[in-house]
Structure formats: C-alpha cells, structure tokens
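Q: Residue strings, one per chain:
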Amino acid sequence: MKKIVILGAGTGGTIMANKLRKALDREEWEITIVDKHKTHYYQPGFLFIPFGIYKKQDVIKSKADFIPSGVKLIFNEIDKIEPENNKVILEGGQILNYDFLIIATGTHVSPEDTPGLKEELWHKEIFDFYTIEGALALREFFETWQGGRLVMNIAELPFKCPVAPLEFVFLADEYFTKAGIRNKVDITYVTPLPGAFTKPKATKMLGELLKEKNITVIPDFYLESVDNKEKKIKSYDGKEIPFDVLTIVPVNKGDDAIERSGMGDDLNYIPTDKQTLRSEKYENIFVLGDASNIPTSKAGSVVHFASDVVFDNLMCSIKGRRMRAHFDGHANCYIETGFGKGSIIDFNYETEPLAGNYPLPGIGPFGLLQNTKMNHYGKVIFRWIYWHILLKGKELPVESEMSMAGKKK
Amino acid sequence: MAQKTYAGVTLEVTEDGYLVDSTKWNEEIAKEIAKEEGIELTDKHFAVLKYIRENQAGLTIRKVGKSGIVDIKGFYDLFPGGPLKLSSKIAGINKPTSCV
Ligand SMILES: Cc1cc2nc3c(=O)[nH]c(=O)nc-3n(C[C@H](O)[C@H](O)[C@H](O)COP(=O)(O)OP(=O)(O)OC[C@H]3O[C@@H](n4cnc5c(N)ncnc54)[C@H](O)[C@@H]3O)c2cc1C
Chain A
1 MKKIVILGAG TGGTIMANKL RKALDREEWE ITIVDKHKTH YYQPGFLFIP FGIYKKQDVI
61 KSKADFIPSG VKLIFNEIDK IEPENNKVIL EGGQILNYDF LIIATGTHVS PEDTPGLKEE
121 LWHKEIFDFY TIEGALALRE FFETWQGGRL VMNIAELPFK CPVAPLEFVF LADEYFTKAG
181 IRNKVDITYV TPLPGAFTKP KATKMLGELL KEKNITVIPD FYLESVDNKE KKIKSYDGKE
241 IPFDVLTIVP VNKGDDAIER SGMGDDLNYI PTDKQTLRSE KYENIFVLGD ASNIPTSKAG
301 SVVHFASDVV FDNLMCSIKG RRMRAHFDGH ANCYIETGFG KGSIIDFNYE TEPLAGNYPL
361 PGIGPFGLLQ NTKMNHYGKV IFRWIYWHIL LKGKELPVES EMSMAGKKK
Chain B
1001 MAQKTYAGVT LEVTEDGYLV DSTKWNEEIA KEIAKEEGIE LTDKHFAVLK YIRENQAGLT
1061 IRKVGKSGIV DIKGFYDLFP GGPLKLSSKI AGINKPTSCV
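As you go down the protein sequences, you meet chains A and B in turn.
No gaps in the numbering here: position 380 of the first sequence is 380 in this note's numbering, and each next residue is one more.
No gaps in the numbering here: position 57 of the second sequence is 1057 in this note's numbering, and each next residue is one more.
I should point out that these hints are in silico values taken from the structure, not numbers from a laboratory.
Certain hints may be false.
[To be verified] Listed below are the simulated BS3-like cross-link pairs for lysine-lysine, each with C-alpha atoms no more than 27 Å apart in a straight line:
no., chain 1, residue 1, chain 2, residue 2
1, A, 319, A, 87
2, B, 1031, A, 234
3, B, 1095, A, 199
4, A, 204, B, 1085
5, A, 234, B, 1066
6, A, 160, B, 1031
7, A, 160, B, 1066
8, A, 407, A, 204
9, B, 1063, A, 199
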C-alpha cells in the first residue's frame, strides 16, 4: 500500500483529503490526515463575533464531519517531520511513513513574541480576534464598553487575511454608531505598512474610506512592546500610542512543529516553490496554504485556488511525470466595510488589485474596489459556500487562475 | 525613468530614487545617497548595508534584527524612520515590497 499523509485538517488539508480520496484507488493508496483539534473553526467568522453578528456556534463544526470515509483521521499533535526518512512522528511516538506528504499546518498568532502583550491586560483590555477565545472575550468587553480610545494594531508582517483588521475597524465604526456612542469612541489604525494596505490602488481606495469614517491611520509603526501600566504601545523608534482598549493582530507564525523539524524560515514558514507549490527542498513534499512562504496573501481563497495546483502536481508526481500546473498567486478577498456594504479585491503575484467588475457566473457581478451592498452579500454567502462546497473539494464557479475580465487597468 | 549623479557617476533611478542597476553601486555612491537622507555613514552602517546587499530576497526588518549585525532598535537608530526602505535605497538595491 502506498501512503499519503496530510498534516493539518484545516481549510487546505480538508480540501485535499476530499479531492484525493475521490481520485485515488482505495486498494492502492492509503490516505491519513492528522490534526490536534477536533473542532473546525470557520476563521473568517471570528471577525463578526466581537460585534455580536455571529455566535460561537456559527463558526464551529466537527472536523470529522468533513473528512470522507476511507481517509484515516488521527487526532494528535504532530511532533516532528523527518523529511530525509519520509516519516512523521506524532506526540507519544507514533510514526507515520509516507510516499508523499502534504503540509497544511497553517499559521497562528504568537502574542508571546511581543514583550508585555500577553500580560495582565490580555483578554481584559487587550484582545486579539484571530482566536475564538479572543473574539469571544472582546464580544463581552464591547457589550458594555462606554467608549474611549480604541487602537487596532498589527504587530508584524506577514499576517493572515491582511484585510481583516481593516474590516474590523469598519465594523467597529458601524457598531458604535448604532450603539449611539460613536462620538465617544476614537478609532485609530496603527500599522507597520506605509499606508492602509500594501498595493497602491487598494491603499488609496481603502485610505479614503477610512478617512470618510473618521478612522485615523498611523503608518510605519513597528511594535516593540506593550506597556500594561500606562496602557501604551511602543515602537522600536520610540513612538508611543495610548489606548483604552487595544485590539491586535499579534505576530503570526507557522507551527512550532515546523521549527522542531528544521524546515522553516525565521517565522516557521516553509520555503516553497511559488509556482509548483512543492517544497523547495524535498520532491515528495507539497505545502498548501498559510504554512508556505509563497509571496501572496495568507487567505482561505488562496488555499482554495492553490489546492487545484497541488492536486494536479501531486497526481503528475505520483505517475512519475513532470509537474504541469503553475500557481499564479491568485487571491480574492471580500472586504466588509460596514453598514451592509462591502468591497472586493482580486489579484495575483503580478497584478495588484484593480477596480472594475468581478464577473462571477450565476452570482455576480461584484464591484472590484467599490463599496456595494452586493459585495457584502458575497461575504455573507461565503460561509455557506465554505462549509458546503469549498471544504468538500467541490468545484466552485471560479477559475483558480486570475482573470483580467472586467478589470480596469 | 529619472537620472541622478552620485559621486560623479550618472545613474538611472526609479521615481522613488532607488538605483535601477544595483551592480553600479559603490561605497562613495552610498555616502552621497545617505547624505541626501541626512545620514552620515559609519562602519556600522556599512556592515548593515553589506548584509542587506547580500540578503536581498525576502528582506524584512525582523531578519535584519536577527542578522547578528544589529538588533531592530539599533537598525532604527542607524536609519531613522523607515530603516528597511532607507537602508535599501542607500545600499543601491530595489525598494522593498511587502506582499499582501
Ligand atoms: C479573523 C480572520 C478572518 C479571516 N477572513 C478571511 C476571509 O474573509 N477570506 C479568506 O479567504 N480567508 C480569511 N481568513 C484566512 C483563512 O481562514 C486562512 O487563510 C485559512 O483557513 C488557511 O488554511 P490552512 O489550511 O492553510 O490553515 P488552517 O485552516 O489554519 O489549518 C491548519 C490546521 O493545522 C493544524 N495544526 C497545526 N499545527 C499542528 C500540529 N503541530 N499538530 C497537529 N495539528 C496541527 C491546526 O490545528 C489547524 O487545524 C481569515 C482568518 C482570520 C483569522
């Protein structure tokens, strides 16, 4: 029996388990998937929890429900990969041998990396919303907050879903307006980037929207530490910003198992060929999703598009043929902008987000870099699509490769 | 594309003032670009510039901070404001891009 092992049963791992089990003969190929958690979180939903739009039960389901029969599902911590010996060691010593390995262990927040961040104010007046615990604690805080200085800060680049903190401040503007206390809430967006976003056209559009909503942007701020006593964030070059409540995207890192295996860069991301999505170093290892170091967004949409490429190239490799699929870095992000509206950006390695229309057959068009109700609706139905179509590895009416149709240059 | 003369050499630069061809760079050129930015280069600066020229791919402030040459605070002290952007400019390499 030949063996494929998938590490991580999040977005990417689950999609691959479904695609591969359908394609490969059960008599010939054994497929095993490993994850330490039994619950599958719909992470994009975390954004809505602090504002009471989603509740915990809206974003969780059992992982096992999404893994097809015929795939062995193991719940355990991955201790280490030994790529030279084609094996994975789980906590407690269980060994999994493989012919091909797919690593989809994602990225996670590491507040421990910033001095002062995870101290007495953590989840009391300092919150992340990239974990279920943080999002729920912030929900409780916001429910009775009387107003003050709300600071949204990003600690380090890259971080997953780079539009999420922007969406967060847009939704906060709406939430406090509806609560009748917007005039008592001062919202400041503090980022290590030189502007609201990385690419020029999107930065301009989003920057204007922030201004319209009376949200102050402080760019080029690289966080060094958090002062819990004085309630300030401090940058490496001595800037200080006071807060009453700090919402933060802590340093994002690949999993510690990658570090333990000596396979990652300084943030535990795995060097991956950005076109074939195969490990730069090992011919029988593919890296899917946030765990890789490819230069595009760490986002569910990217994972979805990339999964087609990993699937194709793995099938070629299994048959001993040359890999023929190439990833273009395609990312497609809905951006909630508050008050029932949204925007959408669509881009890849080469093309920055452009304005125009996004012609999604049967559903669209959505307005690219525009602020419309239709775009907001897109984000709302995405949760349904995620659970019912995407995770199951079914086809969506979207091509993996980015299309220039509808885009204005 | 614009042109600029540094240390007696006329060079192509981008609209943000970054050298187009990093192979044309030398220490004299670096000193003059630095002067424009209000920085007087010391040996410590040059040690950082050397590291930056040798490690252009995927450069981040964090990586420079782990280089063993300076820590992040020291990097900011040497190139105040935007250390990665400034040091890349003075080192004659492309403007750093952050991918989304
Ligand atoms: C607040 C927020 C909003 C977001 N919004 C959007 C959005 O609007 N659109 C979008 O496209 N994307 C969005 N994302 C990003 C998206 O959720 C992720 O990019 C996507 O889920 C990544 O998939 P993945 O398979 O790479 O990793 P994950 O889905 O994170 O899966 C990784 C899995 O590996 C497991 N694992 C890791 N290490 C180990 C170990 N040592 N042992 C055992 N198991 C391990 C983990 O338990 C986890 O289940 C958002 C994310 C957040 C946090």
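Q: Are there hints from earlier that the structure breaks, and if so, what are their numbers?
A: 2 and 6
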